[in-house]
Amino acid sequence: MSEPVLRHAGVNLGGTQDHPRANAESGIFGFWVFLMSDAVIFALLFALYGTVVAATAGGPRPADVFELGSALAETLLLLTSSLTIGLAVLAMKYDGTRRPVLAWMGVTLALGVAFLALELHDFATMFAQGAYPTRSGFLSAFFALVPLHGLHVLAGSVWMLVMAAQILAYGFDARVRINVLRLSLFWHFLDVIWIAILSVVYLQGHLP
Amino acid sequence: MNDRRRETLTYVTGFAIALALTFAAFAAVRWPVAPAGTTFAIILALALVQVVVQFRCFLHVSFARSSREDLLLVLFSALIIALMVSGTLVILFNLRTRMM
Chain H
11 MSEPVLRHAG VNLGGTQDHP RANAESGIFG FWVFLMSDAV IFALLFALYG TVVAATAGGP
71 RPADVFELGS ALAETLLLLT SSLTIGLAVL AMKYDGTRRP VLAWMGVTLA LGVAFLALEL
131 HDFATMFAQG AYPTRSGFLS AFFALVPLHG LHVLAGSVWM LVMAAQILAY GFDARVRINV
191 LRLSLFWHFL DVIWIAILSV VYLQGHLP
Chain W
11 MNDRRRETLT YVTGFAIALA LTFAAFAAVR WPVAPAGTTF AIILALALVQ VVVQFRCFLH
71 VSFARSSRED LLLVLFSALI IALMVSGTLV ILFNLRTRMM
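For the protein sequence lines, the chains are H and W, in the order given.
In terms of the numbering used here, the first sequence opens at residue 11 and continues consecutively.
In terms of the numbering used here, the second sequence opens at residue 11 and continues consecutively.
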């Protein structure tokens with residue numbers, strides 16, 4: 011098996027620190043293009059949210075329905091899961107055995123599912139308070155933006171299960187390794203998007 | 011220091027900085043010391059720093075030649091996003107003031 015030519019950002023899966031151009035892998039540039047186009051979608055939903063955040067139509071205002079404590083818990087869950095998926099990739103690179111990689115991916119998945127559960131609980135609380143998507147422009151924009159990120163996390167969780175199955179079935183062949191690397195980039199990217207959601211939606215909503 | 015320790019340290023450092031920046035942003039909202047506009051600017055600045063830290067430590071985008079193409083892609087996307095977002099905001103806020 012020949013290693014691919016090393017060119018792009020990401021953890022360098024082959025131990026080639028002697029070559030200055032070889033800090034990373036090829037075969038993930040296309041995935042970067044996908045991530046950046048996804049970022050454009052989110053950015054425009056952020057712009058939309060910014061323009062209608064004041065349009066509450068006499069309904070609940072941001073400060074009425076957002077809980078800072080729950081937002082902080084969600085942030086910590088997602089941030090920690092971003093660290094553990096990184097440790098999973100490092101375990102894949104240096105150990106090359108299934109157990110530590112699957113263990114870190116399991117921790118990541120558990121944190122992701124906990125995040126989703128907390129977010130669903132938040133949405134249920136908001137619905138109970140009369141904050142549903144058709145209530146006002148502000149809530150329409152909120153429920154377009156934040157659940158879209160939640161759907162991404164859900165997709166990432168399903169992908170995590172698929173990768174675990176592939177690792178069990180095929181071991182760490184070149185295809186599985188590059189796909190785990192792509193999954194880790196996707197997961198880190200979702201954490202970056204969440205930072206923007208936290209700042210623009212939750213923290214801005216609680217400004218005096 | 012071997013490679014594994016160095017790379018693990020990169021992740022842990024990024025995690026620690028991100029954690030500190032997150033708590034700083036929450037503190038700025040929880041115990042406000044400035045008017046709302048200034049606090050919002052502080053939050054956005056902290057978020058921007060955190061995004062850069064995460065791109066550097068977690069996504070490994072840096073000035074190293076190995077990730078030059080990715081860096082260019084990210085910076086170009088940032089330019090496109092800045093143009094589209096600022097254009098949207100200008101047009102829609104303008105429309106809003108005219109309709110009020």
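Treat the hints as calculated values from the structure; they're not laboratory data.
Careful: at least some of the hints might be erroneous.
Estimated spans, in silico, between C-beta atoms of each pair [said to hold, decoys possible]:
(1) H:Thr-107 / W:Ala-51: 44 to 50 Å
(2) W:Met-110 / H:Leu-128: 35 to 41 Å
(3) H:Ala-175 / W:Ser-96: 24 to 30 Å
(4) H:Arg-109 / W:Leu-82: 22 to 28 Å
(5) W:Met-110 / H:Gln-176: 25 to 31 Å
(6) W:Val-43 / H:Val-172: 45 to 51 Å
Per the computed footprint, the stretches of chain W lying under chain H, defined by three or more beta-carbons under 8 Å from a beta-carbon of chain H, are [claimed, not checked]:
(7) 59-66
(8) 70-84
Simulated coverage check for chain W against chain H, where a stretch passes if three residues somewhere in it have a Cβ under 8 Å from a Cβ of chain H [stated by the list, open to error]:
(9) 39-49
(10) 97-105
All C-beta atoms in this analysis are idealised placements derived from N, C-alpha and C, irrespective of residue type, glycine included.
Give me the numbers of the hints this structure contradicts, sorted from smallest to largest.
-> 3, 4, 5
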